[in-house]
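For chain H, the structure is supplied; the task is to place chain Z on it using the hints.
If you want the building blocks of each chain, they are given just below.
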Amino acid sequence: MKTIRVGAGLGFYGDAWQPIRASIERGGVQYIASDHLSELTLAILQKDRQRDKPGDPPSGYTRDAVPMLLELWPLAAKHGVKFVLNAGGLNPQAAREALARAFRARGWTAKVATVTGDSVLERLDELRAAGEALTHMDTGADLASVRDRLLFANAYLGAQPIAEALARGAEIVLTGRVADAALTLGPLAHEFGWRWDDWDRLAAGLTLGHLLECSGQGSGGNFGSAGEWAAIPDYAHLGYPIAEVSADGSALLTKAPGTGGRVSFDTLRQQLLYEVHDPHAYVSPDVVLDMGSLKFDDLGGDRVRVTGARGAARPASLKIVAGYQDGWMGTGIIGFAWPEAYAKCAKSADIIRTLVRERGWAVEDTHVEYIGYDSLLGAHADPAVRDQLNECFLRMTIRTQDRKVADAFGRLFPWLGLSGPPYVGTMQAVQPARELLGIWPALVRRELVEGKVNVEIEST
Amino acid sequence: MRVPLWKIAHARSGDKADRADIGLFAYDAQTYAVLRREVTRERLAAHFAGLHTGAVELWPLDNLLALKIVLNGALQGGAARSLRMDNLGKNVAARLLRMEIDAPGDLPRLKLR
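Protein sequences, first through last, are from chains H and Z.
Sequence positions in the first sequence follow the numbering used here and run 648 to 1107.
Sequence positions in the second sequence follow the numbering used here and run 261 to 373.
Next up, chain H with everything else stripped away, as it sits in the complex:
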């Protein structure tokens, strides 16, 4: 009986690709599904693009794709492994050109596909004219309130263009914004010839894609627990998860032999429910998954059988996520040792507040937290330890519309080293202003986007 093995690639822009080597060498995978785009990565890529100089090769894609494929492609080609990546970001053609240049310089050939048509930033007026208000999905706010501050606006595409690219012989598929799990569902639908209204099989593929889309989180990484995390073996060589899938959509989740990490009922169910909102209606462009009927059988030895996915018909709309400029953040950090480490941080925060007030800076919001005490736990930090800390760092942040204020805020802090409370340990560098981004989710009738989706294939 035919099975297809899909291995997890990256889980974010900047993730490690070295673990993919074991999946190819020893994991028997035929595909690597690599997710380079978080909700707001496209904002980073848009800023890259704005810095392009005439004559330079254009940017707008995640720059990790080329070095990753240079390192892995000889091995992948030898094993007949194909790559599906959303590393194209805002500019899949530029990613393909960069890859083609690098491959040609080494005398390598590969059929590389691009999937485009997800970007709607240049089409907003056209979509609004076609009756799409593009109001904020959660608040109902009018797009006009952020229209002139938008950095990007992209629809989440589904798995169909990926399957089409593979059917046309692509060995590497570079997409822009697609649903993360589509990177896995595309190859499965292509290999098994799943119909695009076979909701249960599509739901199975979506489940598996979701289990693979966060790299090591599907195989024991970030195992949220007290104590149990320490029993995960060999983090340094953690293997990324692999799905061995049958034509009916049932699968065995595992990882390459000899790697660290753990694939078990516990580690997989943590990833299944990760960032899904309503588990009975996990919406993707291709199908709506109900996780309530899934069955995970832990067979031991890093093998879990996954069955029972149930799907409902795909939505009539696609989700757009846009990002807009939303002011600037200024950050200051300063630390103190015992005695009275926390009290000296709190005093420093008071001093800085006074300085900000006296300067008359327009600050919309101020946030104070204490690294080593409550910067991660907030109000759930245990106050019993507060006044006994060996050392503590103040982290203070402001939100302002004025970039100069955000920059100047960080520069207030070094002065405290000689003129503030004693036993100080500053951070190495003053923190520069950082641009803040708001997120704008909206819905659009799918045919208005899908009519523009384009799959192109070229040999390098």
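Derived by calculation from the structure, the hints in this document are not laboratory data.
A portion of the hints provided could be inaccurate.
Unchecked claim - Okay, the calculated beta carbon distance ranges per label pair:
1) H:792 / Z:288: 48 to 54 Å
2) H:721 / Z:364: 57 to 63 Å
3) Z:313 / H:1072: 31 to 37 Å
Glycine included, C-beta positions come from ideal geometry on N, C-alpha and C.
Coordinates of chain Z only, in the frame set by chain H:
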């Protein structure tokens, strides 16, 4: 007896726009029945008071011995405009594990300790 969740369950959290999105998992079926009874929307709202501005959503998943919990309006508008160190809400699960509930003393995980 009063039992903190970290002794009997595990949890992971992340972000979805302005929502903290949490999975809470019982290590065994007996504990799951206790979680279903004790971890209610009202108690979650009280535990996280001040963190979220919107509703608490809660779905039990018997097949996974899990509760899916979503805190709306918990991330200062979203990860990329948040002023917090934990802008992604990755530690909201740790904050949940500090919640205490009424539980029988003979739960399997409690006997292990």
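Hints, verified against the model:
1. H:792 / Z:288: 48 to 54 Å: holds, 49 Å
2. H:721 / Z:364: 57 to 63 Å: Between residue 721 of chain H and residue 364 of chain Z, where Cβ atoms are some 59 Å apart, the hint holds.
3. Z:313 / H:1072: 31 to 37 Å: holds, 36 Å
Checked against the numbered hints given earlier, the structure satisfies every one of them.
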